[in-house]
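As given, the protein sequences belong to chains B and A, one line each in that order. According to the numbering used here, the residues represented by the first sequence are 105 to 236, in order. According to the numbering used here, the residues represented by the second sequence are 385 to 771, in order.
Check before you lean on any hint, since a few could be wrong.
Simulated restraints on C-beta separations [what the hints assert, rightly or not]:
#1 Q158(B) x P512(A): 14 to 22 Å
#2 R178(B) x P441(A): 28 to 36 Å
#3 R148(B) x Q411(A): 39 to 47 Å
#4 S447(A) x E163(B): 48 to 56 Å
#5 T570(A) x Q181(B): 26 to 34 Å
#6 G223(B) x G733(A): 54 to 62 Å
#7 A209(B) x D513(A): 24 to 32 Å
#8 F218(B) x D513(A): 18 to 26 Å
#9 G223(B) x G500(A): 25 to 33 Å
#10 Q158(B) x K682(A): 35 to 43 Å
#11 Q684(A) x G139(B): 34 to 42 Å
#12 R566(A) x G139(B): 55 to 63 Å
#13 A738(A) x Q181(B): 43 to 51 Å
#14 A149(B) x E482(A): 31 to 39 Å
By construction, these hints were calculated from the structure, which means they are not laboratory data. Backbone N, C-alpha and C define an ideal beta-carbon position, used for all residues, glycine too.
So you can see what is in the structure, the chains are spelled out below.
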Amino acid sequence: MSTQRTFPSPGTNVENQPFWDAAARGRFLVKHCSGCGKSHFYPRAICPHCFSDQTEWRESAGTGTIYSFSVMRRVPQPYAIAYVTLDDGVTVMSNLVDCDLDALAIGQRVKVAFRASDGAVTIPVFVPVAAD
Amino acid sequence: MATKAKACIVGAFEHPTRKADDKSLAQLHAEVAKGALEDAGLTKDDIDGYFCDTEAPGLGPLSMVDYLGLKVRYMDNTDTGGSAYLLHVAHAAQAIAEGKCKVALITLAGRPRAAGLTAEPVVDYNIPDMPFEMPYGPTVVNTYGMCAMRHMHEFGTTSEQLAWIKVAASQHAQHNPNAMLRKPVTVAEVLASPMISDPLHRLDCCVVSDGGGALIVTSPEIARELKRPAVRVIGTGEAAKHQSGGQVDLSYSAAAWAGRQAFDEAGIRPTDIQYASIYDSFTITALMQIEDIGFCEKGQGGRFVADGNLISGVGKLPFNTDGGGLCNNHPGNRGGMTKVIEAVRQLRGEAHPAVQVKDCRLALASGMGGWMGSRHGSGVLILERTH
Chain B
105 MSTQRTFPSP GTNVENQPFW DAAARGRFLV KHCSGCGKSH FYPRAICPHC
155 FSDQTEWRES AGTGTIYSFS VMRRVPQPYA IAYVTLDDGV TVMSNLVDCD
205 LDALAIGQRV KVAFRASDGA VTIPVFVPVA AD
Chain A
385 MATKAKACIV GAFEHPTRKA DDKSLAQLHA EVAKGALEDA GLTKDDIDGY
435 FCDTEAPGLG PLSMVDYLGL KVRYMDNTDT GGSAYLLHVA HAAQAIAEGK
485 CKVALITLAG RPRAAGLTAE PVVDYNIPDM PFEMPYGPTV VNTYGMCAMR
535 HMHEFGTTSE QLAWIKVAAS QHAQHNPNAM LRKPVTVAEV LASPMISDPL
585 HRLDCCVVSD GGGALIVTSP EIARELKRPA VRVIGTGEAA KHQSGGQVDL
635 SYSAAAWAGR QAFDEAGIRP TDIQYASIYD SFTITALMQI EDIGFCEKGQ
685 GGRFVADGNL ISGVGKLPFN TDGGGLCNNH PGNRGGMTKV IEAVRQLRGE
735 AHPAVQVKDC RLALASGMGG WMGSRHGSGV LILERTH
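I would like the entire structure built from these sequences, with the hints used as guidance.
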C-alpha cells in the first residue's frame, strides 16, 4: 500500500510565517534559543524551555528516525501519521509518504521532503531512506 | 490546598439515552441536572455553583445558567476535554472548602450521533500548534494509535493484552440495560475486528453516543442532612502533558502526575483502591493510566490487564463496571462524567449486583482528555464512602 493524499493547507500566522517561507524553498527550519542553547518545535517567538526571547531560525538537515507512527486505515486514502525525531534533537509530527505503509517501523531512517498543499502553503513530510 | 473531607458528592445521574434525536443539547443538560438534584434530594434553588465544559451551548456557563434558571455565585468552565468533569469536581471541592459556594452542579451533555458525525477539522490559525499538525491528518484514533505503537515498541505490549481491556468492559456491560454494546466479546473477536488505525482495531475504540450526566457536590455539613449515602472527595489531582517543545515522550501520560497528587492528598496507596473508573476512549488510554496511576509498574500494564484482571469478581482491579466508554456510553465524546458516576454507584453499593465490589469503601476515577499523543489533560479523583 502506498499513499498520495491531498494535504490541507494550514492557516499560518505572522509568528510562524518564516517556517512556511523556508518550506516553500525546500528548507526545514527549527527554532534555536541562544538563551539556553536548546532547539524547540513547533517554533515560537519565546523559548518554551527557558522563556528567553532570543530565539532564532536554524535550518535542520531534515534527517531523523521514526519515533512512532500509525497508519489510518478506515479512510478512502490510508495514510501514515508519525512523530519523527530529527538528528537535531527535536521530535516533530508529520506524515510518512512515498513508502509501503505496511513496511514502516519505529527506528527507521527518514528524510524530509516537501509537498504542495491544496492552498499556497508547502508541507514538509518525511520519506523513508536506506539505513546509513 | 487540601480538599480532604471538605466536600462530598451527593447526587449523580447518567442520562439513559444513547441517541437523542428528540432532545436539544440544552434540554439534555437540564434533564441530567434534574436527575442529579432528585438523586441528592435537593432543589434547583439550592444550587449556588455551576460547572460545565466549553461545548455547553452559549458563552461559557452563561446561557446554561440562564436556561436552567440558576442564581450562582461561583462558575467554572474549565475544559480539558473528556477529563473536564473530574477537574470540575476538584474545583468544586476547593470552592466549597473556601466558602465560595455550598452546592455545586456539574453538567455534561452531547448529541454527536443525533447531530451527525462530522470530521471536518477546525481551522484556526491562532491555535499555535495547528499549522504544524493539521496538514498531517491527526485524529483522535491515530494519535492514540501512535501511543499504542510506541508502548508496544518500548515495553513489548501486545494487541492481545490490549484486547483484554475491551473483554473486561464487555463482561460488565452485559449487565447494564442502557449499554450500547452488551454482548460479551473475546480477545479473538477484538483482534478480528477491522483495523482502524494501527494498532487499534474497531473494538479497541469506544462507542460514540449521545446523552450526558450530572453531579452535585456539597459540604459535609449539608451532605449529613441528606438521605442518600455521601461520597467524600479525599484526593484530587490534575495535570496537562504535551510535546514539551519537541521533547516528545509517549511512554507515559499526565495521569502519572495527577495520580501522585491525588494519592498524596488522600494519604493512601494504589493498592488500597477497591474499584477504579479508568477513562477508556481506547484500550491504550486505559492501559497507560493504569500504569501511570501506579496500579502496576510502568511497562507492565499489558501483563496486568490480561487474563481478566479488570473483571469484577475475577481480577484484582475491577474497572468500569458500567461497561465504560468501550461498551456503555461516551456521551458527547467526553467520558469523564460517567467515570465519576460509576465510582459513586460502587461506593454507594448501587452498581449492578453482578459487578458490585463487595464492601467498596475506596474508589478512584481517572479521566483523560484531548489527545494523549499530542496534548492532553488528566484528572484523578479518590473517593471514599462516608459510612
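Q.
Holds or violated: the 48 to 56 Å window for the beta-carbon distance between S447(A) and E163(B)?
A. holds (49 Å)
- request: Take the C-beta atom of A209(B) and the C-beta atom of D513(A), compute their distance, and say whether it sits inside 24 to 32 Å.
  value: Check passed, 26 Å falls within 24 to 32 Å.
Original post:
Honestly, do Q158(B) and P512(A) meet the 14 to 22 Å range at C-beta?
Top reply: holds (19 Å)
- Can the suggested window of 55 to 63 Å be confirmed for the beta-carbon pair R566(A) and G139(B)? holds (58 Å)
- Range hint 28 to 36 Å: satisfied by the CB atoms of R178(B) and P441(A)? holds (31 Å)
Checklist entry - Is 25 to 33 Å a correct range for the gap between the Cβ atoms of G223(B) and G500(A)? => result About 27 Å separates the Cβ atoms of G223(B) and G500(A), which means 25 to 33 Å holds.
Hint check for G139(B) and Q684(A) - Cβ pair distance inside 34 to 42 Å
Cβ of Q684(A) to Cβ of G139(B): about 40 Å, so the range 34 to 42 Å holds.
Taking the CB of A149(B) and the CB of E482(A), does the distance hold inside 31 to 39 Å? Given range 31 to 39 Å: holds, Cβ gap about 37 Å.
- [ ] Could you check the hint for me, namely that R148(B) and Q411(A) are 39 to 47 Å apart, CB to CB?
- [x] Roughly 43 Å apart at Cβ, these two residues keep to the hinted range, so it holds.
- Item | G223(B) paired with G733(A), Cβ distance criterion 54 to 62 Å | holds (58 Å)
Given a hint of 43 to 51 Å, does the C-beta separation of A738(A) and Q181(B) actually sit inside it?
At 45 Å between Cβs, range holds.
Take a look at whether the Cβ-Cβ distance between Q158(B) and K682(A) falls inside 35 to 43 Å. Once the Cβ atoms are compared, 37 Å apart, the range 35 to 43 Å for K682(A) and Q158(B) holds.
Violated hints: none; the structure is consistent with every hint.
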